[in-house]
Structure formats: C-alpha cells, structure tokens
Amino acid sequence: MTLQHYLVISAILFSLGIFAVLTRRNAISILMGIELILNSCNLNFVAFSRFVTPPENIDGQIIAIFGIVLAAAEAAVFLAIILAIYREFGSIRPDEVDTLKG
Amino acid sequence: MLLSLMIFVPLLGMVVVLLLPRESEELIKRVTLLFTFIPLILAVYLFITYDRSTAASQYIANITWIEKFNINYHVGIDGLSVTLMLLTALLGPICVIASWRNIEKGIKAYMALFLMLETGMLGFFAAMDLFLFYVFFELTLLPMYFLIGVWGGPRREYAAIKFFLYTLFGSVLMLVAMIAVYLASGDPGARTFDIPTLIALASTEGHALNSLNFQIWVFLGFFIGFAVKVPIFPFHTWLPDAHVEAPTAISVILAGVLLKMGTYGLVRINMAMFPLGLDRFTNGSDFWGYSLALLGFINIVYGSFCALAQTDFKKLVAYSSIGHMGFVILGLAARNDTGVSGAILQMFNHGVISAMLFLLVGVLYDRAHHREINRFGGIGSKMPIYTGITTLAFMASLGLPGLSGFVGEALSLLGAFAKYKTLTILSTIGIVVGAAYFLWTLQRVFLGKLNPDYEDIPEINKREILTLVPLGILTILLGVFPHIIIDMFSVSVTELTNSLTEAIGTFQANL
Amino acid sequence: MEITLKTLIFYGFALMTIGSAFAVVTVRNIVHAAFALMVTLFGVAGLYVFLQADFLAATQVIVYVGGILVLILFGVMMTSGRLQMRIHIERGQLILGGGITLALLMLLLTVIANTPKWKNLSDDGTVFVPTTSRIGKLILNEAFLLPFEIASVLLLVALIGAALISRKEIRD
Amino acid sequence: MVVLISIILLAPLTAFAVYALLGLANKGNPRQDVLSTFAMLAAFICSILLFWQIDPKPVPLTIDWISLGSITFSMGFYLDSVTVIMLIVVTLVSSLVHIFSMGYMHGDPRYPRFFAFLSLFSFSMLFLVVSDNLLGIYIGWELVGLCSYLLIGFWFEKDSAANACKKAFLTTRVGDVGMFVGMMMLFTKFKTLSLYDGANAGIFTLVEGLSGTGDMLWLSVAGILIFCGAVGKSAQVPLHTWLPDAMEGPTPVSALIHAATMVAAGVYLTARMFPILTTSSSLVIAYVGGITAIVAATIAIVRFDIKRVLAYSTVSQLGFMMLAIGAGSYVAGLFHLTTHAFFKALLFLGSGSVIHAFHAMHTHHDEEHTDDANHEHDDHSLVHEHGSEIPPDQDMRNMGGLRRKMPFTFITMLIATLSISGVPFIFSGFWSKDKILGGVLERAMEWNSIHHYILFVIALIAAGITAFYMFRLIFMTFFGEPKNQEMHEMAHESPWVMTVPLLVLAFLSFPVVNHLWFNKDFVKPPMQHHIHAPEHAQVLPDSKTHNTEFSLAFLGVSEANAAEGEENGHDSAHGADGHHGHSPAHTIAMILSIIVAGFGILLSWLFYHKRRLSAEAVSTTFRPVYNLFWNKYYFDEFYDGVLVALTVWKSRLYAQFDGSVVDGIVNGVGTVTRDVFAAFTGFFDNSVVDGIVNRIAEVTWTIGGRIRRIQTGAIQTYLFVVIGGIVLIILIFRVL
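Protein chains in written order, with the numbering used here: chain F, 1 to 102; chain L, 1001 to 1511; chain W, 2001 to 2172; chain Z, 3001 to 3736.
To be clear, the hints were calculated from the coordinates, so they are not data collected in a lab.
The reader is advised that the hints may include incorrect statements.
What the hints assert, rightly or not - The list that follows gives simulated cross-link-like pairs (lysine-lysine, DSSO-like), each with its CA atoms no further than 30 Å apart:
# : chain 1 : residue 1 : chain 2 : residue 2
1 : L       : K1421     : Z       : K3027
2 : Z       : K3650     : L       : K1419
3 : L       : K1449     : L       : K1462
4 : Z       : K3632     : L       : K1449
5 : L       : K1421     : Z       : K3189
6 : L       : K1449     : L       : K1382
7 : L       : K1108     : L       : K1421
8 : L       : K1462     : Z       : K3027
Unchecked claim - Reference listing, derived: stretches of chain Z covered by chain L, where coverage requires no fewer than 3 residues with Cβ under 8 Å from a Cβ of chain L:
#  : segment
9  : 3152–3163
10 : 3166–3175
Heads up, the beta-carbon is just placed ideally off N, CA and C, and yes, glycines get one too.
Given the sequences, and given the hints that come with them, work out the whole structure.
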C-alpha cells in the first residue's frame, strides 16, 4: 500500500463529494457531499503524515482531528440554517432559495 | 499670491457654504457675506497699493498649469483689471445683502452658486493667460444659468436657456479664434496662450499673427464672443429676458459685471492683441471702417428708443443698459485716449449705476409684486427717500453732470467725435431719449396723483438703503472726482493707444 | 506486491468506502443516502487504521457516525416531515456536474500519478506505535494547545449559533 | 479771493447736503429755511466783498480735474467784473426769494425740501457763473436744469406740474445736446475746453490765433450749437414752450429760476462765448433773439393767467438780451440781464403776493385741503370757459381793484412795470432796453445791414407791446372794480417777510444798478476776432454827436456811452473805423423807444382802464391773429402732436422691431434650428447617434439580461462555475 493508493481513494471521495454538492437538489444531500469532501481531506492529511513525514511525527493526524471538529461544527450550523430556511421558504431545495437572483 | 487669494476666497466660501447644514439659513447668509467681504477688502487694498505710474501688470502670479500645451496659471492686474475687480468685489456683498430676504428657496445652493460666480468674474478680470481667461469666462456661465433658471421669474427657463445658448454660441466662436491664435503663435512646442506674449507677437513684423487677414478673422471670432456678452446689437435680445426673469441680485451682477466682461474682453483681447483687425473696423475709411462705431451708435439709439417704449420697469432698465453700453463701444471705437478712458470709466460707472437701478426696481417689486410702470403713480409722496434715491440713480444714468454717468459718457463722445463726426452727433439723440424715458418713468411712477392701491406702501427699509447708499455715494463721488478711477487706468490706456497707433503705423508703412 | 490478507482487507475497505460514497451521491432516497454515508465513514475509519491512526479511527466512528450522522438524520426528519424524500436530479445538471466531476477526478489522478516525489512511498516495515498518548500530549501540552482551545471555542460558538438560528421566534 | 469764492459756493451746497443727509436718515430738518437763507446771505455778503477785490486782469484759478495722457480737463474759476456782477445778482435775488418763501411757502408739508432745493439751485447757478471752462459751465448748466425740474415738479401731485417739469427738462436737454456737440467740436479742434489761458492756452486765445480772415463755417456752426444750449435754457424760440408751463412751480421759484437767474444763464453763456462768435453765428443769435422777443410779446397780450403773462414777458425780454449779444452789444445784453433780473423777480414775487392773498382765501375756504394741494382749485364756478387750465387765484379776470387792499404790492409792482415798459430816465429798464435798441441800430447803421434794421424794428415793436401788456396786467389786477367780490374780500396784504423783499427789489429797479456797469474801467467787452463787417458796410464819418447827449451823468449814462464806445473801439480794428463816443443811433433809438412805450401804455390805458376801446371787439375783428396768439403759435400742438408723437411712435416701432424682428429672428433661428435643422439632426440623432447609443444600450441590456442569469441566486450554479473554473485554470496551466 503506497501513498498513491490512499491519494486515489481520497481523490475519488473528493470528486464524489463535489458531484453531490453540484448536482443534488436537497440541502441535506449537499451536506453529505461536503462531509465526503472533508473526509477525503482528512484522509489525505493522515496519509501524508504517515508516508512523507518521519513516522514519529503525527501532526497530520492532529489536523485531521481538528478537521473532524470543524465538520461537527459545520454540520451543526448547517442544519440550523437549513431549519431556518425551511421555515422561511417551506423548502430546502437550494434552487428555490434564490432571493439573490439578479 | 494676493490676487489668487482674492480670486479663490469665494470658491473656498462656496465649499464652506456647501458644508453647512441646509437649515441654518442665517448662518449661510452670514458666511457668504463674509466670504464676499474678503475680496472687497483685498480689492480696496489693491486699489490703494496699485502703482498708478506704470502700465505694467502688477501682483503677477505665474505657475505652470498644463505643461504639455504651455498653459500657465498666469494672473496679474493692470489699471483696467483692478478697476473692474473693484467693481466686482464691491457688488458682491451688496448682492448678498440684497438677497437676504428675497430668496425663498434653496438659499444654500443660491449662495454657493453666487460665490462660484464671483470667483469666475474675479478670475476673468485677472487672467493673463488666454486659456485661463476662457476657463473663467465659462465658469461664470454655469452659475448664472442656474441662478436665473432656478430662482428666476415665471419664464425663467426660457430666459436661462436663451442666455446660455447665446453666450455659448459666442464663446464657441471665441474658442475657435483662441485655438487659431494658439496654433499661429509659433512652432509646435513654442506655442503659447500667454496674453502679453501674444500681444507682443501680434505686433512683431513678419510673425504669423501679424497678418491682416488672420487678425480680421480672429478679431471677428473674439468680437462676436464678447459682443454677445456686452451685448451689442443684434446679439442683445437675451438681455431683456434674462434681466426680467432674474432675481434682483442677479440682475445687478448681470448688468453690473457680466456686461463689463464683454467690453473688458474687447479691450484686453480685441484691441490690444489685434491692432490690425481693429484698424480694419475702426479706420473710418469705408463701411467696414465705420462698423464698430456704427454698432455703438445703433446700440445707443436703438437701446434708448426701445427703452422708451417699455412699460415693464425692469425691461426699461435693461434696455437702457444696452443704450449705455453703446457709449462704451463708441468710445472704444474712437481708440484714442479720451474715448477709451471714457469707455472704461463708463464701464465702471454703468456698473455702479445700473446696479442701483436694478436694486431700486427690486425694492419696488418686493412691495408691489409687479413692475408695470403705468400701474403705479404718485408714490413719491409715500416713499420720499426711495424717490430721492431713485431720482439720483435716474439722473446719474441719464448723464447728469456732477454724477458719475456723465463723465464716462462725455469722454466717450468727446473721443469719438474726433474720429466719427456724424455718428457721434447722431448718437447724442440717445442722450435726449435717455432723459425722456427716465423722466417719463419718474413721472408715471412717482409723480402725479397717488394711486389708491399704494396708499400704504411701506418706505424703503434700512437693509435696502444699506445696499444703495454705497453705490449712491460712489455715484456722486465719481461724478465730482472722476480722476479717482481715471488715474488707475490712464497710464495703461495711454500705453494701449500708443502701441495701437504704433502697430498700425508700422504695418501700413510696410504695405 | 503480492496479495496478502492485509492487502485484501485494505482493498475491501477501499472498495467499501468508494462504493458507499458512490451510493451516497446517487441514491434517490435521502435516508438511504444517509446510511450509505455511514458505511463510507466506517470505511474511512478502516483506512485510518491502516494508516496506523488508531485514535483517529475511533474518533471518526464516534464523532461522525455517532454525532454528525445522527444530526443529519434529525435534519432529514425535521425538514421533510415524512421520511419519503425523493431526491430530484435534473438531467442537464447531472451531466454537467458529472462532467466537471470527472474532469476534476482525472485532473487529480493525473497529478497523483505524475508527481515523482510521491512515488514508491511505502509504509512497509514500520512498527505500529499507539498514537493516543502522543496525541493527548501534543494537544494538551505542546504545540497544539492554542488551536485546541480555539477549536473548542469554535465548537461552542457553533453550538450557540446553531441554537440561535434554529429558534423559531428568531426575529423577535 | 479763493476763500470768498469757496464760501460763496460751499455755503448753499452745505445747506443742501445737510438736508440730503438728514433726509436719508428719515429725519427732516425743521430749520432748513433758516439754514438755507443764512447760507445764501453769507454768499451774498461774500459776493459783495469779492466785488472790491476783483483783479483788473483776471487769471483763472484752476486745478486739473481729469488727466488722460496728453489731454487734461481742468476745473476752475474765472472771476472778472461780469462774473462778480452775476454773483451779486444771483445771491441777492436768491436771498430775497429765500426770505419771501419763508412767508409764501409757510405751511407746505415739504417746506424744508423747498429750501434745500433752492440751496442746491443757488449752488449750481453760482458754479455755472464762476466756471472758467465749458465743461464746468455744462455741469452747472445741467445741475440748474435738474433743480428747475425738481422745483417745477415741487407739487408733483398735480399732473400739470408733473408734465411741466418733465417738459422743461427735456426741452432744455434738446438744447443742451446741441451745446454738447458744440463743445465736442471745439474740443476736437483745440484739445481743451478751458476758455481762458491757464497753464495752457484757452479756447479764446486759440480762436484769436486761428488763421483765415473769412467767416469760418465750422466756428459759426460751433457757436450756433453752443447757442442751442442757451436757446433751451433761456427759452428762445423754438424751445421756449417749457417756460410758461414751468409756472406750475411755486411762484418764488418762478421768480428766482424762471425769471431772474437760470433762464438768464443762457444769455450769460452766449455772452461768455462772445469771442468765438462769428458774423453769421451772431446774426443767427440776433434773429433768434428778435423773433423770440416779438413772438413771446404777442402771446403775452392775450394771456389771462398772471404768471403766464409774466412768463411770456420773460421770454420776450430774454429775446431782447440775445438780440443785443447777437448784435454785438455785449454790455447792453448783460446790463439788461441785470436790470431784468431785479424787476422781473419783483414782478413775480408781486404776483406771488397776489396769489398768496387769494390762496389764503382758499385755505380759509376749506381747511382740509391745506396739505399739498394748496394751489389746487376745486371751485369750478371760477373756471373760465376759455382757459380752463388757469387756476382761479392766478386768473386776472378774477382780480381788480387790489391796489387799496395791497398797497405795498401794488406800488412795488407798478415800479417794476414802469421799469420793464421803458418809462424814461428814472427806471433802470429804460436804460438797459434803450442801450439794446441803440446797439442794434448802431450796428445797422454802421454796417448798413438790412438784417439789423429789421431787427431794430422788431425790437421796437416788441418794446411797445411789452409796455402794453404789462400795463394791461396792472390795470386788470389793481385798478377797476373787483370782479370777484368774494375773493376780493378775502384778499389782504402779505406779511413783512414777503413785502420786504419786494421793497428791496423795487429799490433796485431804479437806476442804482447802472453804477455797477458804467464804471469806465469795470466792464470791458471782450474782443471778437471773427466778426467782420459786410462788404457793403458804410463807414460812417466820424460822428461824435456830443450835442445830443443827455447830461444825466448822475444816472451813470455818460459812463454807459463811454463803455459802449470802448466796445466799438475794439470792433473798429476789424470792422468800421473807430467812432469813439456817441453815435446818433443811440439818440434815435432812445426817442423811438420812448414813443413806442408811451404809445403802448396809452393803448393799454384806453383798453383796460378807461374802456374806451373794447378788447373783445378787437379780438373778434382780428380773429385769426387772436387765435394764433391765443394758441401760442401752435408750438405746443406741433411738439406734442408731431415731435413727441413721432418719438413715441418710433420707440414703439423699435420695440416692436426688437420684440418681433430681432428677437423673432433669434427665436426663429432657434425654431428653425429645432424644427428643420433639428428635424434632420433629430433624425440623424435618433437613428444614427441615438441609434448607436440605443443599440449599445440594447446590447448591453441583452447581455446583461443573459449574464444576469448567472446570478441565479442558486449556490449550486456558483459552485459549478467555481469548480469548473478551477478545473479549467489548472488544466490550462498544466497543458500550456
């Protein structure tokens, strides 16, 4: 198992996350996509930490922990916003929430 | 530096006024008064310290402005400028005081525009660079347009647009002529807008500017530009409309200073810079040689007769202005010491007298809310002081000796007679008709039985007297001691007429 | 590279991750998607184990699966009312998104493949040392104390913010 | 000398300035009358003092007024004997009129203003008199015109007064313009307006130095033009019509301005310009004077308004003076000016006294009308069918028998009438008029000139008519039975402030003033270098006719003749040979003038006292002539109907031209520009210029509309773009 294995997995996860974000018509699906992206990032950090730096250096893992924290916070805020939007518009379809439309 | 300060203090005042809150009207008026007073003090200082023994420009400031085109911020004064700047600075505070109660809306904008106008006028009289001259000339146009168009009478838009288009028409021709002069002034890189340099070049033999044909056309370009401003027949029809519609103080400035800008330009540019062009129109040898004097004559007689027929008090005064400016043109056309001095004196005096007349009309209008001469009658018994001051102003305007109007008129005519006998004699018709319309007005408005409508018309108040008294004193003072003003510019005029004669003589000798 | 159990397990995890992630983005039912996401998260946790990040793997399971995923499910419930949430996807958007995603993927893969520095880096022969104590020391003692505090504050802020935003009478 | 002349000028000016300044502060000056009167008396005393200090060879006191390069206009005073005599006359009459006015104007609401104007007038008149240059004279000239205007229009509530003052100013201004043109001619020729030598040579010296023995046309024209000013001011034909109308002013004003001083200024000016007069301009002046004398006299015969009679009489007498100066009798003209000033002022003040008497009745009649309408008449029963414009208190047909009621007024006026009628020997008027007649006849005989013979006859007839109408006035006013009993009963003698001036002036109507003039060395006529006797002039043989001389040396007559002889002596250098002493002309003239005066008085006595002859019958017989006289030769009708109407019409025309043609062209150009030119431009503008603009705007709009969709508000779209962009950028950088 080389670094590239992990990177490929990470890249695929990232792409799938992006795909979800771009195409899904549901805010919660988009959130899931974002979670995928975050996971792919974390995976990258850990992988680089494992392979590139000396083995006793585990800074990458710590960054990943922070990433998870970030993800948790993000998910909380995101869901709060989604709830608010839902109350306001009666929908959580992002294409229907277009007050900023020009 | 002093001169620049004087020019730009009103502009600074405008900024200050704009920063003041709209509601504090009293403050705005006081600030404006202060900022128009400073130039007056400076003008008096200039008047006192001005060296009367030389024709050279004084208080010069010369700073490069636009290097690429060799345009400089070049200001300086000679006797003629200082005279007219004094007039401008004097009328400034008077107009502000005259506007104290009469302007009902937008006092802030009014005062700001007025201050801008004052800068334009002062700068125009001090500019020694043709480009700067033009800039200041145009700078007066814009505020005037708004002052008439916004604060004027019922037909203000029409009058303002007429004024604007007329002046613009003239100044476009002037611009063309100005550029022609610039292009002819030298090789690329050596071209200049500097007026003294151009005057010198125009009299230099062999220079491109010293060509008869060129000078004639350029002369005409400038002439029409200034003729609109003076106004000279047939470019005069904006004047009655503008005057009738403009608020009192603006009429005062219009008649007092703006008309002088035209004649000042004629002296400063047309006479000094284009002696050959001038000679073409004033040599008295053929029709064209009489043309300038003829225009002066037409202005006098035509303006006077038109005034005689008016029933609107303000329009009458406006037409009388046309008539009186005719004396200036006639005096200038004489191009001798007496005539030119008379013309310049007449400019100053007419500024003072017509300012008085318009203020007086304003006083009456404020009380009666109309200006129809035939609807008044006998108010002399109700407003004795007002009647007294009006009589003084009328007498000064109709050229009663002992008051300032006479000296300028007399000198202009004396000068012109030496050159144009018949035209001058015919022009004296204007004197009689001038007396006729003023006396007739005096009779219809003040004499006779009191019109019962004006049973309790209030007497002129202290503020209005305050605006009139300085002008009245000046009228009498300059009627008795005209040399106070004449000494300011007599050396400059002598220099001008001598150089004219010399330039024309040299040119003709080479033919 | 001979096929060992270890490699087989690794590929198994890898497939599980990618496959479930694919399911997350493709299934129509949002609840199904949420469950697929859970599988993905487990897969990633497994990969962490392969990378000798035992603590991280545990955290991943606890936080993501136990926290975030539950949160998501709550969100689904509260916004849809009924659990019948068909995810609607437009065809054009799907194609465009797919295209861009593919292009991105190809790009990433190219980068991965063409970066020489990253080639042939293997973890063979390294001894596993448990990371928990080291992470604890690093976070609470050494270099990352400050970021840790900031992160805790961030969490707090996020919590309060979330509570505030989701309050009903927000405008009062 | 400078001090004295300064006091003379400044005293009245100060009096006026005080009034003007207080007036501006809206405070009247309650004692303006005292101030003005004392100022005038001070000026009078200074004039008397100046009389003793006159330099036999006067030098002008000048200062530079305006300097323009090479040309300098100076202002200054020239004090010679004539000036001083004028100063005395003006200040004396003015002082007396001031005193008289204190009674006459009493109770007028603008009482202070009246005195202020009188002061201003006195200043202007004195300034005119002492000025040494034409510009100064012109200034004073116009200022007296202004004062005349202000004072004629003093009761400006009356429309007739408002009209009269305007007419006076405008009519005189017509003449003044002529004078100004004359000044311009002289200035252009000589480059100076100073008359006497100061720092530079004055006009008179320069005229003397003019080459050319012939009659220089331009000089004649200049002389006549300057005389035009005098025609206007001295009310000579054809500009005389304003003076009778000027009687709308208060009577003291008529006495001072329109009888004694201002109107005489024209004569004074012409006399001043004596050296520049040429043969032909002199003749023009003489004719104008002669015609004026007879025309005004004939009009005066038929007037009933006491003030109008006096006004026409003034015009007529001024004509005499002009005639004298035109005929070369410088001293005679000025002498008559002086005597006339006194007796005519007296006549006016006397008539004022009469009017005042009736006026008092009026104020008694209706007290509420006392304010400014004191001369207004609302008593229609008194208005005569003929001259509805005559106020009843000035209508001689309402008078009669006043001599017992007003003895002082009667006596003094009778003295003045005798004087003006030329009753011989003991009245000054006789001497001055006789000198004029003698001078004209002398010139006629000397030059054998038909013109001067004609003029002499005219003057003689005018003198006779003068005697006739003056006695007509006296008879109608003071003799006979009262015509209007009511008015008669109210009449009373005037208070002393009014009678004292009358007595002083009556004293001066005796030949006491002659001594001013006929001091051998005192008044010398200036030389006339451009007067030439015509070719056919007969040089009379030396004819010193001493035997015919009346030895009335105590009246100053011998000096008179000597002075005139002096004048002739100067002329002799150019014209006829010297004939010193007395020519027979004077004797002939004297005898003839006595005869015509006697005849005039006799006729008047027959007509108006004894009623032997009926004026009505005569007027019916000579109806056309009577109408001509009654209608004042139709001058007013001509002016109002033709000149004024023409001017007004012309001004309307010009204004219409201005409004419709000039402004029409401007507006037309504007309209054409807008409608035709602008239609094209508008098309061009709309389709091309504006089209381009609109196209650009449209394209922008469309593009904007399209691009606007990018702003979908949908975050996913943004993300598409962002990520697509990232991919693209990286791709680009990787590939390139």
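Can you tell me if the segment 3152–3163 of chain Z counts as covered by chain L, using C-beta to C-beta distances under 8 Å and a minimum of three residues?
Holds, because 8 residues of the segment 3152–3163 of chain Z bring their Cβ atoms closer than 8 Å to Cβ atoms of chain L.
For the pair supplied as a hint, K1449/L and K1462/L, is the alpha-carbon distance within the 30 Å limit?
Holds: K1449/L and K1462/L sit about 27 Å apart, inside 30 Å.
Compare the distance between the alpha carbons of K1449/L and K1382/L with 30 Å, and conclude whether the hinted pair is satisfied.
holds (11 Å)
Outcome, coverage hint (the segment 3166–3175 of chain Z, chain L; C-beta under 8 Å; three residues):
holds (count 5)
Within 30 Å, alpha carbon to alpha carbon, are K3632/Z and K1449/L?
With a Cα-Cα distance of about 28 Å, the restraint between K3632/Z and K1449/L holds, given a limit of 30 Å.
Taking 30 Å as the top limit, are the C-alpha atoms of K1462/L and K3027/Z close enough?
holds (13 Å)
Would you mind confirming whether the straight-line C-alpha gap from K3650/Z to K1419/L stays at or under 30 Å?
holds (28 Å)
Under the criterion that the straight-line Cα-Cα distance not exceed 30 Å, is the pair K1108/L, K1421/L satisfied?
violated (52 Å)
Does the alpha-carbon distance linking K1421/L and K3027/Z stay inside the 30 Å limit?
violated (49 Å)
Restraint check for K1421/L with K3189/Z, where alpha carbons must lie at most 30 Å apart
Roughly 12 Å between the alpha carbons, so the hint for K1421/L and K3189/Z holds.
Checked against the numbered hints given earlier, this structure breaks hints 1 and 7; the rest are met.
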